[in-house]
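*Asks:* Start counting the sequence shown at 1; every next residue gets the next number (the UniProt record's numbering).
Hints may contain errors.
[Claimed, not checked] Heads up, simulated DSSO-like pairs for lysine-lysine below, C-alpha to C-alpha not over 30 Å straight-line:
1) K9 <-> K238
2) K238 <-> K142
3) K220 <-> K238
4) K273 <-> K253
5) K165 <-> K258
6) K161 <-> K44
7) K154 <-> K273
[Said to hold, decoys possible] Quick list of simulated restraints, FRET-style, between CB atoms:
8) N120 <-> P243: 16 to 22 Å
9) K165 <-> V92: 39 to 45 Å
10) K238 <-> N51: 49 to 55 Å
11) D22 <-> K280: 30 to 36 Å
12) T108 <-> I279: 33 to 39 Å
13) V87 <-> E224: 34 to 40 Å
Calculated directly from the structure, the hints in this document are not laboratory data. Note that CB positions come from ideal geometry on N, CA and C, so glycine has one too.
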Amino acid sequence: MKVVVTGAKGQLGTDLVHLLADRGYEVYGYGREELDITNFDQVKQVISEFNPDVVIHAAAYTKVDLAESEPDQAFLVNAYGTRNVAVASEAVEAKLVYISTDYVFDGTANVPYNEFAPTNPLSVYGKSKLAGERFVRDLHSKFFIVRTSWVYGKHGNNFVKTMLKLAQERDELMVVHDQVGCPTYAVDLANCILELIQTEKYGVYHVSNSGHCSWYEFAKAIFEEAGIEIKVNPCTTKDFPRPAPRPAYSVFKHMALKLNGFSEMREWREALKEFIIQIKL
């Protein structure tokens, strides 16, 4: 099976390319330098040339706060870039995986969001990713929309790496406790995507590790697993104002995975423990 991965040098893309290659897939990974997803002709040429069975679209504009002052750029990449990939993938009859986000929800719920819950993004980033979802639905016939949240891994910048770095510089930290969600280990996310693409069970999937926590609880768990002594103080979102609003509650229910017979995602703390061991090796 031939697979094209966009955003192949990003956090998830790097793990996807490694995993696919290890499993014997013929994989073509494209970073921003090799493939400008906002260039329709280039996208069409690259995808038609390789004629893949699957396209995993992990490229995205992910600067959540900057998007508030750069809405055109966010929509150009996340909406129209996704349209380009969807049209080109449909033309070669490839399955399409689009990586989306918990930011498509407003975070006002008090029970986990299933895949059929109404979307209502608060931020430009969330709105641009939802626009990408809509293009995929409208323009492609064999798609998996994979919404994920709080992703961390070996490659790229993420919350876990930031916390470990700050712990080397400070002996006390403030972390918000009034935003609750689901951490996701990039390797587990990649493995789940691999399971999806071997089927024709198309649709929207919520993919994160099981269970949930606040950023404050996540930070404390990181230091416990890493064996680091540091004082972590809870604070509110209002104490740390940011340009883009965050969903206060973005806990996922993995209804689609369960009802379609896919593997259950392991508990977030277990995944975190494995990651900390990996980066210490």
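*Asks:* Run every hint past the structure and note whether it holds.
*Replies:* Now for the hints, and whether the structure bears them out:
1. K9 <-> K238: The given pair, whose Cα atoms are some 34 Å apart, is violated under the 30 Å limit.
2. K238 <-> K142: It is violated: about 42 Å lies between the C-alpha atoms, which goes past 30 Å.
3. K220 <-> K238: holds, 20 Å
4. K273 <-> K253: Given that 30 Å is the threshold and the Cα spacing comes to 22 Å, the pair holds.
5. K165 <-> K258: Answer violated: K165 to K258 is near 37 Å, above 30 Å.
6. K161 <-> K44: violated, 36 Å
7. K154 <-> K273: holds, 13 Å
8. N120 <-> P243: 16 to 22 Å: holds, 19 Å
9. K165 <-> V92: 39 to 45 Å: holds, 42 Å
10. K238 <-> N51: 49 to 55 Å: This hint holds: roughly 52 Å between Cβ atoms.
11. D22 <-> K280: 30 to 36 Å: violated, 22 Å
12. T108 <-> I279: 33 to 39 Å: holds, 35 Å
13. V87 <-> E224: 34 to 40 Å: This hint is violated: roughly 47 Å between Cβ atoms.
Going through the hint list in order, the structure does not satisfy hints 1, 2, 5, 6, 11, 13.
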